[in-house]
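Protein chains in written order, with the numbering used here: chain A, -10 to 426; chain B, 4 to 299.
Everything labelled a hint here was simulated from the structure, so no lab data went into it. Just so we're clear, the structure is a prediction, and the values are computed from it rather than from any experiment. All C-beta atoms in this analysis are idealised placements derived from N, C-alpha and C, irrespective of residue type, glycine included. Careful, some of the hints might be misleading.
As the list claims (entries may be wrong) - Derived pair list, reagent style DSS-like, types lysine-lysine, alpha-carbon separation capped at 25 Å:
#: 1; chain 1: A; residue 1: K(-8); chain 2: B; residue 2: K265
#: 2; chain 1: B; residue 1: K121; chain 2: A; residue 2: K359
#: 3; chain 1: B; residue 1: K206; chain 2: A; residue 2: K118
#: 4; chain 1: A; residue 1: K17; chain 2: A; residue 2: K264
#: 5; chain 1: A; residue 1: K285; chain 2: A; residue 2: K366
#: 6; chain 1: A; residue 1: K(-8); chain 2: A; residue 2: K17
#: 7; chain 1: A; residue 1: K17; chain 2: B; residue 2: K175
#: 8; chain 1: B; residue 1: K175; chain 2: A; residue 2: K148
#: 9; chain 1: B; residue 1: K127; chain 2: A; residue 2: K359
#: 10; chain 1: A; residue 1: K206; chain 2: A; residue 2: K118
#: 11; chain 1: A; residue 1: K242; chain 2: A; residue 2: K192
#: 12; chain 1: B; residue 1: K247; chain 2: B; residue 2: K127
#: 13; chain 1: A; residue 1: K23; chain 2: B; residue 2: K243
#: 14; chain 1: B; residue 1: K247; chain 2: B; residue 2: K206
#: 15; chain 1: A; residue 1: K264; chain 2: B; residue 2: K233
#: 16; chain 1: A; residue 1: K207; chain 2: B; residue 2: K175
#: 17; chain 1: A; residue 1: K115; chain 2: B; residue 2: K284
#: 18; chain 1: A; residue 1: K206; chain 2: B; residue 2: K284
#: 19; chain 1: B; residue 1: K265; chain 2: A; residue 2: K264
#: 20; chain 1: A; residue 1: K242; chain 2: A; residue 2: K17
#: 21; chain 1: A; residue 1: K199; chain 2: A; residue 2: K264
#: 22; chain 1: B; residue 1: K127; chain 2: B; residue 2: K235
#: 23; chain 1: A; residue 1: K264; chain 2: A; residue 2: K23
Claimed, not checked - Calculated Cβ distances over 12 Å to all of chain B for the following chain A residues:
#: 24; residue: S45
#: 25; residue: H124
#: 26; residue: L142
#: 27; residue: E145
#: 28; residue: Q229
#: 29; residue: Q295
#: 30; residue: R312
#: 31; residue: H350
#: 32; residue: K359
#: 33; residue: T367
#: 34; residue: A379
#: 35; residue: A390
Stated by the list, open to error - Footprint (simulated), chain B over chain A, 3 or more residues, beta carbon under 8 Å:
#: 36; segment: 31 to 38
#: 37; segment: 104 to 113
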Amino acid sequence: MNKLQKLEILADAAKYDASCASSGTTRKDSSSGKGVGSTGGAGICHSYTPDGRCISLLKVLLTNVCLYDCHYCINRRSSNVRRARFTPEEVVDLTLSFYKRNYIEGLFLSSGIVRSADYTMELVIKVAKSLREEHHFRGYIHLKTIPEASPELIAEAGKYADRLSINVELPTQEGLQELAPEKNVHRTRDAMSTIHSKILETKATRKELKKANSRVKKPTYASGQSTQMIVGADQSNDSQFLNRAGDLYGNFKLRRVYYSAFSPIPEPSVILPLKSPPLIREHRLYQADWLMRFYKFDVNELTTEQAPNLDLDIDPKLAWALRNRSFFPLDINRAALEMLYRIPGLGVRNAQRIVALRRHHAVRLEDLIKLRVNLKKTLPFMICVNHNPAKHELDSEALRAKFAPPPEQLELDFTAQIIIPKTTSIAAQAEAKHGEF
Amino acid sequence: MRTVTIEPTFRAWRSKARSLLDQKMHPNDVIWSTQGDDSDELFGFSETTKQTPENKPEQKPQTSNRAKVPPFFIQLAQTVCCHRSQKQWSMLYHILWSVTYEQEREILFDQTNDTMRKLEQMRKSISRDIHKMRAFVRFREIQVETNDRENYVAWFEPEHLIVRVNTPFFRKRFAGMNWSILTPDECVHWDGTDISYTQGVDKSQAPDGDELEELWRGYYRSIFNPARVKIKMMQSEMPKKYWKNLPEAEIIEDLIQTSTDKVNGMMEEENRPLKPEPKNKYLDHLKQLNNSEDSK
Ligand code: SF4
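For reference, chain B alone in the conformation it holds in the complex:
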């Protein structure tokens, strides 16, 4: 049994997995860890692989007994690296092992294979999380005296470790302002030139309001159509776990409770007589147009 400690990145995992494969380490004999835990050292099993720096070309693999995997598997592996459970490393290695040493290439395409199925579920859950973060991050404006740009801070609690994967999206979209997204895992900051990361924080570090939120709630209330209440539909797309960080969610309960009254009020309202037509040149012109259309 051997414990290997890696940084939780695809590159680190891949390079470790390659060397383990070369050593013919059976997946059942490997424990993957991403915590630089000292206890490993005590037992003398630990081998820490530092993340390959981006600019350093990776070592060419000795291709002897290394099986090739299709690009979709690489993509899958890259995505599932963000999974919070940290079970992905061993699962991925299991697949690589079967492909390399057990001639089981088909399992890559086998949707009934347990490990592949679980990896696919992980991938789905992560993509959803990435998407929800893009949707539900809410920036709050803060006053900063040291610069003359607009400054915004958001608090978000992602399900998986997706802050870095999502950074390019926010950078492209909000390039013109300074912003930070704070999360319990890691925080990301943009100052107009550079992206930087700092350690995770707790919610108390984030601003607790923004003047605009009252307008936003006003909009949310008005755009809702009380004649069609479909709460399940709403919750399947915007699960309750996100509500606590959404300024508009405060008024959901109220909207639902008062919707029936509102609709009844509308139905009971009396029809009003038609008002007389105003004097307006344009309207006269339109009328002429319509008449000539009719005679066509």
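Bound conformation, chain A alone:
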């Protein structure tokens, strides 16, 4: 098999992993003249594929041979997919060749599990180590970590990587038992905890060395970890997804949780659903995730016991507001900042601007227009100097109907709703995509 064929198989096998941002790392470059590469600030998207996604990293598997049997995955041992294997040297070579031609920001390497977790982890580390130490590669490296690998290896991986990630895949142990029998939520959490304490430890040491003005070389370690969950492959509801996300953000300070709508794969397993979930579900989960991280929503406020799934027709903030109408209308000249965050259509930045503005004068509708607030959404929920919504407007069921798209157009509507980002950095893109509501 030639290099091109291998690359095609091993890139194809990696493409369902969404967690591949290349932003958020320490600044480094090659101006010393050795090697190649630089990172810092937002990662660059070097190309876009016709699915609208950005290519920033060379995202490949070392091998798609795998001992595990995760049913949602094309590489599971029971699938008849064509198998290929890169040697660590081949991946190193490919990364450098692509990087030097300015195709990529770096490498995102993961692997099927061969022989054992430790054996596989060692191969993955070998690639990263060679890039950093033999070739002085200063670009971005993201390594997928295997939770069953020994803590020493997980610790070593972080020395070379900018980011580590372990996919939890499914929010519950029951789901894993059914679809990924070799995986285990507790072990994954343990490994995340190892990484988390390593990150903290390294930060503290670096700080001390800096304070003491020491010339000892500062230790390096990945600056963050992230994870991914697959939506729609098992029976888990949105409340379970969000609770797991809340757990990981809270306990291990994950940078990001990615939600990936289960996508039909070649060689499907018999126990998988035949259809992928509507993409809008993935979008709503990102919105809810955003509310937890930036709008101070508690995970329990996002869904209810009666309705453990997010409303597909309207965004989760509006849904919360409609469930809690007694809070509204809020007087934006009086309400605390955290309450302003709750007004549908009002973003974090605008809420902060309003608070700054009202120190000078009472906020009027004209001010909101200047701030480009989404008035259609906001007005029924707020009071300001020259606006007071009629009470009946807020109470009526018609309010929900006003924002929900007519049912038969749902499929069409969601594509229109996914905002096309104007900015091009990946981080900003993710914000534009999931942040505005």
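Please build the complex by placing chain B with the ligand on the supplied structure of chain A, with the hints as guidance.
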């Protein structure tokens, strides 16, 4: 009416603008030019300001009637200098004039002011161009016998005059190799020690391929998910005007046209029976682990 000719740099503009302000030249009476055109000389209006050399300290301005502008305006001015239209010089001078002589400091902060709005649009368009250049430059390797380093050449067509602003980025990132970026305006070269600039060239001067590009296209094809086609999204980030210099863009049409077939093929594929479990010590170990977890 007076035509002033400057080099197209912030420093040259600033020093000229200062002296014009001191002379109370009204912006409507000044034509800014960046072409060292002889016709100016003929009419005897021209005053060419040479760029201040980096090492020479600039003349201290006589601060008498000179208004101060906030740092963000300086930054804005520095950025818009790269604008291809060359209309920025006069617009900037207009703003300075209003601030200095018409007590209209507020216009600096007024987002509804026409000139400020246009300058802001220029700034946006330039930053985007700078970013796109960093993203879409594609180096091609060439063989050079006179040195034993790796040598790369890229061809790029920027919208604005941004080659110099972008040089530090490429120098830091690709310090370990020799490279040149050729553009119609100006070319920049790095040889491991120095940066140098030469005049613009046309595309025929650039190499027309690189062996690696086949692998790159192979990667591009494989990483694309045919189940989700969002062409508009792709084009908003990677507008068609860039396609002609991107080796991977050749196959876009083909990918789009065959995507439906691919997805249908996947859906129609028959489910396969599960294969038996292989014999592997590690798997047995995992099973034991999982069982003990369950009993916890
Ligand atoms: S461990 Fe599971 S998800 Fe990972 S490659 Fe193997 S089968 Fe796929």
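Hint by hint, here is what the structure shows:
With a C-alpha separation of about 23 Å, the suggested pairing of K(-8) (chain A) with K265 (chain B) holds against the 25 Å cut-off. Taking the CA atoms of K121 (chain B) and K359 (chain A), the gap is about 18 Å. The hint holds against a cut of 25 Å. Note on K206 (chain B) and K118 (chain A): the hinted pairing is violated, with a Cα-Cα distance of about 39 Å set against a maximum of 25 Å. The straight-line distance between the Cα atoms of K17 (chain A) and K264 (chain A) is roughly 44 Å, outside the 25 Å bound, and the hint therefore fails.
The hinted pair formed by K285 (chain A) and K366 (chain A) meets the criterion: a straight-line CA distance of about 20 Å does not exceed 25 Å. Restraint check: the Cα-Cα separation between K(-8) (chain A) and K17 (chain A) comes to about 31 Å, which exceeds 25 Å; the hinted pair is violated. Between the alpha carbons of K17 (chain A) and K175 (chain B) the distance comes to roughly 9 Å, so the proposed pair stays at or under 25 Å and holds. Taking the CA atoms of K175 (chain B) and K148 (chain A), the gap is near 22 Å; set against the 25 Å cutoff, the hint holds.
Restraint check for K127 (chain B) and K359 (chain A): satisfied, since their Cα atoms lie roughly 20 Å apart, inside the 25 Å limit. At most 25 Å may separate the alpha-carbon atoms for a hinted pair to count; K206 (chain A) and K118 (chain A) meet this at roughly 18 Å. Under the criterion of a C-alpha separation no larger than 25 Å, the hint pairing K242 (chain A) with K192 (chain A) is consistent with the structure, at around 14 Å. For the hint pairing K247 (chain B) with K127 (chain B), the CA-to-CA distance comes to about 24 Å; that is within 25 Å, so the pair holds.
Restraint check for K23 (chain A) and K243 (chain B): not satisfied, since their Cα atoms lie roughly 36 Å apart, outside the 25 Å limit. Annotation: proposed proximity of K247 (chain B) to K206 (chain B) holds, straight-line Cα distance about 11 Å (limit 25 Å). With a CA separation close to 19 Å, the supplied pair K264 (chain A) and K233 (chain B) stays within the 25 Å bound. Pair hint K207 (chain A) plus K175 (chain B) holds up; C-alpha atoms about 22 Å apart against a cutoff of 25 Å.
Note on K115 (chain A) and K284 (chain B): the hinted pairing holds, with a Cα-Cα distance of about 23 Å set against a maximum of 25 Å. Between K206 (chain A) and K284 (chain B) the CA atoms are separated by roughly 41 Å; this puts the pair beyond 25 Å, and the hint is violated. Simply put, K265 (chain B) and K264 (chain A) have alpha-carbon atoms about 16 Å apart, close enough for the 25 Å limit, and the pair holds. Annotation: proposed proximity of K242 (chain A) to K17 (chain A) holds, straight-line Cα distance about 24 Å (limit 25 Å).
For the hint linking K199 (chain A) to K264 (chain A), the alpha-carbon distance of about 54 Å lies beyond 25 Å, and the restraint is violated. For a cut-off of 25 Å, the pair hint linking K127 (chain B) to K235 (chain B) stands: about 21 Å separates their Cα positions. Of the supplied pair hints, the one linking K264 (chain A) and K23 (chain A) is violated, its CA atoms being roughly 50 Å apart against a limit of 25 Å. Distance check on S45 (chain A): its Cβ comes as close as 9 Å (rounded) to a Cβ of chain B, failing to clear the 12 Å threshold; non-interface status is violated.
Some Cβ of chain B comes within 12 Å of the Cβ of H124 (chain A); the nearest lies about 9 Å off, and the non-interface call is violated. For L142 (chain A), the condition that its CB be more than 12 Å from all CB atoms of chain B holds, with the nearest at approximately 14 Å. The beta carbon of E145 (chain A) sits about 20 Å from the closest Cβ of chain B, which is more than 12 Å, so the claim that it is off the interface holds. For Q229 (chain A), the shortest C-beta to C-beta distance to chain B comes to about 19 Å, beyond the 12 Å cut-off, and the non-interface label holds.
Listed as a non-interface residue, Q295 (chain A) keeps its Cβ farther than 12 Å from every Cβ of chain B; the least gap is roughly 31 Å. Listed as a non-interface residue, R312 (chain A) keeps its Cβ farther than 12 Å from every Cβ of chain B; the least gap is roughly 32 Å. With a minimum CB-CB distance of about 16 Å to chain B, H350 (chain A) clears the 12 Å threshold, and the non-interface call stands. Against chain B, the non-interface label of K359 (chain A) is violated: not every CB pair exceeds 12 Å, the least being about 8 Å.
Non-interface status of T367 (chain A) relative to chain B is upheld: no Cβ of that chain comes within 12 Å, the nearest being about 21 Å off. The claim that A379 (chain A) is not at the interface with chain B holds, since no C-beta of that chain comes within 12 Å of its own (minimum 32 Å). No beta-carbon of chain B is positioned within 12 Å of the beta-carbon of A390 (chain A); the least distance is around 29 Å. Coverage of the segment 31 to 38 of chain A by chain B holds [criterion: at least 3 residues with CB-CB distance below 8 Å; count 6].
Counting residues of the segment 104 to 113 of chain A whose C-beta lies closer than 8 Å to any C-beta of chain B gives 3; at least three are required, and the coverage claim holds.
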